[in-house]
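2 protein chains.
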Amino acid sequence: MYTIEFEPVGRRGQCPEGESLLDCARRLDVDIVSICGGVSTCKHCRVQIVSGSVSPPTPEDSATFSETQLKENYRLACTTYPQSDVKVLVPPESLSAPQRTQVEGLELRVEPDPAVRCLEVQLSAPSLETPEPDDQNLWNALKETYALNQGRMDLKVQQDLSSRLRSLDWRAGVALRESEIVAIGADSTHWIGLAADIGTTKIAVYLIDMKTGETLASRGLMNPQISYGEDVVSRIYTASKSGENAQKLQALLVDALNDTIVDLCSELDMDPSHVVDAVVVGNTAIHHLFLQLPVLQLGMSPYVPAVRSAVDVKARDIGLRIAPGGYVHLLPNIAGYVGADHVSMLLATGLDEMEGINLALDIGTNTEICLNCRGRMKSVSCASGPAFEGAHIQFGMRAAAGAIEHVRLSGERVEIQTIGGESPIGICGSGLLDVIAQMRNNNVIDSSGRMNTHPLVRTRDGRKEFVLVERSDNGDITVSQKDVRELQVAKAAIRLGIQALLEDAGVTEKDIERVIIAGAFGTFIDVESAVTIGMLPPLPLERYSQVGNAAGTGARLALISRTARRSAERIAAKDGYIELASIPDFNRKFAAASSISWTTAD
Amino acid sequence: MYTIEFEPVGRRGQCPEGESLLDCARRLDVDIVSICGGVSTCKHCRVQIVSGSVSPPTPEDSATFSETQLKENYRLACTTYPQSDVKVLVPPESLSAPQRTQVEGLELRVEPDPAVRCLEVQLSAPSLETPEPDDQNLWNALKETYALNQGRMDLKVQQDLSSRLRSLDWRAGVALRESEIVAIGADSTHWIGLAADIGTTKIAVYLIDMKTGETLASRGLMNPQISYGEDVVSRIYTASKSGENAQKLQALLVDALNDTIVDLCSELDMDPSHVVDAVVVGNTAIHHLFLQLPVLQLGMSPYVPAVRSAVDVKARDIGLRIAPGGYVHLLPNIAGYVGADHVSMLLATGLDEMEGINLALDIGTNTEICLNCRGRMKSVSCASGPAFEGAHIQFGMRAAAGAIEHVRLSGERVEIQTIGGESPIGICGSGLLDVIAQMRNNNVIDSSGRMNTHPLVRTRDGRKEFVLVERSDNGDITVSQKDVRELQVAKAAIRLGIQALLEDAGVTEKDIERVIIAGAFGTFIDVESAVTIGMLPPLPLERYSQVGNAAGTGARLALISRTARRSAERIAAKDGYIELASIPDFNRKFAAASSISWTTAD
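Chains as they are written, first to last, in the working numbering: chain A, 4 to 605; chain B, 4 to 605.
Because the hints were derived from the structure by calculation, they are not lab data.
All values reported here derive from a predicted model rather than from experimental measurement.
A hint or two may mislead.
Note that identical chains are pooled: a pair holds if it fits in a single copy or bridges any two copies.
Here are the computed lysine-lysine pairs in the BS3-like style, where the Cα-Cα straight-line distance is at most 25 Å [stated by the list, open to error]: (1) Lys146 to Lys577; (2) Lys592 to Lys381; (3) Lys159 to Lys244; (4) Lys317 to Lys159; (5) Lys251 to Lys381; (6) Lys159 to Lys485; (7) Lys513 to Lys90; (8) Lys592 to Lys74; (9) Lys214 to Lys381; (10) Lys251 to Lys90; (11) Lys90 to Lys485.
Based on the sequences and whatever the hints tell you, model everything.
See the structure below:
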């Protein structure tokens, strides 16, 4: 009997000797596509073995995968048999229920004023009488039409200039970034921009119309670096070990973005070369891994970033395939564990411009929180851990089809709602918040989190568990005492972060006028449940607002507005940083914050 | 019997069946190093077969060369036997007499004010109390020490920043280009710059001290593109045929520069990463081939450059290995056949600042001439051809050891001077000018260039030839009637160019107050001989000055002076261009200009 873990769904279970990965996945309700029914003819059930050992490749595998893929342990799940505990990555295309990654966020409320302008010009063909060099010819036309002074032209654009102008019959569309020409196309070219929010676990990608600011296409995907560790600390460790590792981690991100750009562009009947600008945000570690900046010092006290400032790099210098001369802009970081995604979230929510006392937080594997107390901004980062993503929770899973996302308990009656309305296969973060809040409300657990006697609480192998869903086929879905403890630790970190900011500002919870909850996870939680378990302060519910992926929205803003880029710089410079681990009396406060009954200190 | 041609010496001769390349080279006085005496033990006589077929590689070849080298037809000359007419490239290291390429030029007379400044700073190590991000830490120190505002930092510098600052114990030397940090080293780093003049045939490379402007090392080498044609037209044709060709031609130049940088740096006990800035000049075609810009339109009417403006590119974008963030600056071009090297020459000679009527010319395979007539500057380009480099001349060769460079004839007595004082093996350009001038002075040829009866003129195979050196072993060195004709065509192009500029300005030859002769070839010619054969106007000799490689000097100036870069822009914008082929009555004028007696029209 081996333990098998399916990523990115985050589903774990037992697999008896002799059971194929496909059968095991089905039994655990991981919905791998298999049209032929497991007789290895449809070749759809492709998976990657991330760790552990399995049966050797079959002739079907060899016929299906390239040499490189075989070396990277790609297999057909239907003919692969575990020979140890195994971690399996199910690529998106092999999953029948589309992975649910939040890309929606706030609407963009700015007048487009992008760093890259898109202009049309008409040139005159050169002749022996006026043998105008091609570059001068173009600059002259830009001067005549737009009163622009001569600037620079990217080398790749220069290398293509003469043939391009001639094939376009001297009528061209020009993408001008500040004073540099970064692309030339037909005068009718529809220029687009890329915004990406790279989270530790998930990535949100947007393609934006550079003229209108409209979001033309978007997609959520998993961060492929997850195969190198669920949290950033293990990735920092991996990247620090060798330049090769750092390069591999960087390439994983860029390859994922490149593939997504190709897909989204083809949906729009466009080409990646039409993407003339890009903005990427992420936490400081992701930011550094993406640019292949040094990360060793991020993992050691005093945890300083290599680079705090906003960065502009040629996309080609990091392998991102967009327009030949296009740049990638990265918003500034604040500190080692408060990064560009936090700045982006603050930019999108407008927290820095609010009057009074306001709080914004982006809940995730790391939760960043910012308090704007009458114009004075301070941020804190809390290691809330991956419990909200389903990790370390017995029946935990990510927010994918079949995940229990909402729970109501009345006496012995349990009501659940699953994502996609499908049969329940596990519990995602918002479901976990709900069930534990309901358990507390119904006195299934006490304020310390200990399970009481209750008709739905049973003891198995000497351990108490709460039966959430009874199932005849695959066994029941339960919440263990340990699951409750995991959640307590995660929520305590967040509550303590809020508390630290308030103490630093000399105000109390009840003074908070508004709490903005950002991020994919935060969008789907029941705020009342979060308050019940003491993750968030017990404020009137109308003071809370859930704004979706605000970091992604900030990236989109910075893509289409130079004003937004300047605002981000101002926010990063203005926002102070508190090191949570260095607050006095940390351990006692942490213990207090982990209490389920701990509602307010005010 | 096969014809063998040895490059870069430019020596041709016959090779009987069964004679090795080494023996053939020795017989023709091409001085290939062979310490073992041709028994293939010393492995010094390495050559590359550029065209034609030879005996297959021997076991000695396999032991000496890499697979790639063998595929590129590298062989030991001592065990290689021609099987057809063969063109052989003798690499510099296999030549005993160092190739003589002029790198000397005018002294630099400017106060250094380079685009790249070299600064030293002391930082404070970050702590938990002041966890300053590394980039901010550096900018703060630059602000404190030099009152500099924060600018940008190259990505490669950022990628190395954290480990570099720590290994240097927070004391660093910074190379700052305008507002961008392009390199970081020890505070004691000796930063240097690269200047290169890439000619159609020869390349001059200089390493310059960025603080003092002093030339620390220099080297002349052959342009390896010569294997794709002696003139730029054939290289334009080759590069236009495919992107692969264009890339190959580009890589040849960059590889040659990279190798030279490594060599020169090691002479100075430095490292290529200390080279923080570079300036490259060349004619428009070379400029375009070096940047892999489109050249097809350069070869077709109306012969327009893709790029006229000065160009700044990251060295890494074209494969040049200097400091990680270093740039290459290319001076502006003027027209399709008047390029950045001409601008550089004008910059170095200061022609644009001279009062009155002054002429400057750089004689080469293409000869560019500029007339500054009372502040009005016009240039012309003449296809003078490769005769001055020894091509198409029976005993012609480049200016290498053993070349006859000066000749005096009195009656039947010939006096010669060879380069390096070695036994004569051929005639280089300056020797050819001399001998034909002497032949005219002694009435061996008439004003039309036809050979008269003379004791030293003999007839062989029905063709007249002038015996310059009698040799018992390798046959006599002679000048043929055809050689005279070749020189007449070359010199006519130059004289006609001068004439066209004067006519355009409405002045005459005698009005010229000063003639500046630039370029390696121009430095070694006897001006009196050049006047005698009618290549240059018959002005008092004191009006002529020979200034060496002025294009190289201009490149060095632009490297250490931003003022010089601005001057170059001004010169390029100011200098007009005359298309020689479009002047009225071209053919008649050309015929007149080819007369040996054609001294002046004034």
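Status of each hint after checking the structure:
1. Lys146 to Lys577: between (39 Å within a copy, 19 Å between copies)
2. Lys592 to Lys381: within (20 Å within a copy, 83 Å between copies)
3. Lys159 to Lys244: between (34 Å within a copy, 19 Å between copies)
4. Lys317 to Lys159: both (11 Å within a copy, 12 Å between copies)
5. Lys251 to Lys381: Answer is neither: 35 Å inside a copy and 56 Å across each miss the 25 Å cutoff.
6. Lys159 to Lys485: So Lys159 and Lys485 fail the 25 Å test inside a copy (57 Å) and across (47 Å) alike.
7. Lys513 to Lys90: neither (46 Å within a copy, 90 Å between copies)
8. Lys592 to Lys74: Classified as neither: same-chain Cα gap 49 Å, cross-chain 73 Å, threshold 25 Å.
9. Lys214 to Lys381: neither (35 Å within a copy, 45 Å between copies)
10. Lys251 to Lys90: within (20 Å within a copy, 46 Å between copies)
11. Lys90 to Lys485: within (22 Å within a copy, 81 Å between copies)
Checked against the numbered hints given earlier, the structure breaks hints 5, 6, 7, 8 and 9 and satisfies all the rest.
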